[in-house]
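Protein chains: 2
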Amino acid sequence: MRYLHTMVRVTDLNASLDFYVNKLGLKETRRIENKGGRFTLVFVAPPENPDAEVELTYNWDPESYTGGRNFGHLAYAVDDIYAVCQRLKDKGVTINRPPRDGRMAFVRSPDNISIELLQKGAALPPAEPWASMPNTGVW
Amino acid sequence: MRYLHTMVRVTDLNASLDFYVNKLGLKETRRIENKGGRFTLVFVAPPENPDAEVELTYNWDPESYTGGRNFGHLAYAVDDIYAVCQRLKDKGVTINRPPRDGRMAFVRSPDNISIELLQKGAALPPAEPWASMPNTGVW
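Protein chains in written order, with the numbering used here: chain H, 1 to 139; chain Z, 1 to 139.
Simulated from the structure, these hints should not be mistaken for laboratory data.
You may find that some hints are simply not true.
Below, computed lysine to aspartate or glutamate pairings styled on EDC-like, alpha-carbon distance capped at 16 Å [unchecked claim]: (1) Z:K120 with H:D51; (2) H:K120 with H:D101; (3) H:K89 with H:D51; (4) Z:K120 with Z:D79; (5) H:K120 with Z:D51; (6) Z:K27 with Z:E63.
If you want the footprint, here are the derived chain Z segments under chain H, 3+ residues with CB under 8 Å [said to hold, decoys possible]: (7) 49-55; (8) 85-92; (9) 110-124.
Across the chosen pairs, the derived CB separations fall in these ranges [what the hints assert, rightly or not]: (10) H:K35 with Z:L41: 34 to 44 Å; (11) Z:P126 with H:N135: 50 to 60 Å; (12) H:A122 with Z:N34: 14 to 24 Å; (13) Z:D51 with H:D61: 28 to 38 Å.
No residue lacks a Cβ here, since even glycine has one placed at the ideal position from N, Cα and C.
With these hints in hand, go ahead and build the complete structure from the sequences.
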């Protein structure tokens with residue numbers, strides 16, 4: 001038995017690819033367009049384990065997607081949590097839970113999927129602007 | 001950047017472990033009890049890629065978890081989709097989308113997390129009782 005992917009639905013494929021690829025740093029691994037079913041599936045994955053995909057399901061007929069509490073978040077380990085959060089912040093992403101501890105941060109996708117970022121290995125020394133940055137919203 | 005886990009919240013830890021471990025076939029990889037925070041985290045993962053975990057978050061103070069459409073499902077590849085569905089069925093799990101095509105099935109966790117099962121490699125030849133089994137509910 002082998003883990004393949006976590007599927008999430010997206011209301012705006014371009015906004016989601018901008019978030020997951022350009023901002024978060026995942027790579028597009030493959031794409032399936034189904035004209036009959038009127039949907040597009042785009043798979044994205046982290047460079048280190050490209051087999052662990054996220055399947056972005058984009059239905060061509062508009063739907064609005066709300067969240068539920070049974071799903072929590074997707075979690076990724078990163079080499080430098082400050083560098084990733086800085087890149088996200090510079091590109092306009094709210095850091096809902098800044099890495100005040102040099103170890104853990106949370107952001108949200110355009111469809112409110114919560115993403116946890118964890119520093120690989122030991123926590124980094126506390127550093128500004130993160131150390132004094134308050135939380136924003138929930139994650 | 002490396003995928004770590006998908007976190008889901010569970011209302012009944014024993015019922016969830018029964019589903020994810022005894023019925024679905026994942027293995028418990030580690031467990032964290034936090035008395036101060038009044039929560040237990042149990043990580044489960046498939047034998048083939050135990051680094052791709054699901055984090056089951058159990059909050060000791062009762063909460064009710066509903067689902068949302070932004071999260072879709074977790075997907076696993078299996079060696080024999082009929083054998084897995086038979087085991088699930090024998091243990092009382094509803095096969096919401098039976099593997100009529102020998103290739104794909106959907107079931108749900110006790111907290112309504114949708115789980116996709118995909119046959120590894122080529123689809124199996126159609127076989128009963130699956131080939132003529134109708135869908136149940138949504139997934």
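Here is what the structure says about each hint:
no.: 1; hint: Z:K120 with H:D51; verdict: holds, 14 Å
no.: 2; hint: H:K120 with H:D101; verdict: holds, 13 Å
no.: 3; hint: H:K89 with H:D51; verdict: violated, 28 Å
no.: 4; hint: Z:K120 with Z:D79; verdict: holds, 6 Å
no.: 5; hint: H:K120 with Z:D51; verdict: holds, 14 Å
no.: 6; hint: Z:K27 with Z:E63; verdict: violated, 25 Å
no.: 7; hint: 49-55; verdict: holds (count 4)
no.: 8; hint: 85-92; verdict: violated (count 0)
no.: 9; hint: 110-124; verdict: holds (count 6)
no.: 10; hint: H:K35 with Z:L41: 34 to 44 Å; verdict: holds, 43 Å
no.: 11; hint: Z:P126 with H:N135: 50 to 60 Å; verdict: holds, 53 Å
no.: 12; hint: H:A122 with Z:N34: 14 to 24 Å; verdict: holds, 20 Å
no.: 13; hint: Z:D51 with H:D61: 28 to 38 Å; verdict: holds, 37 Å
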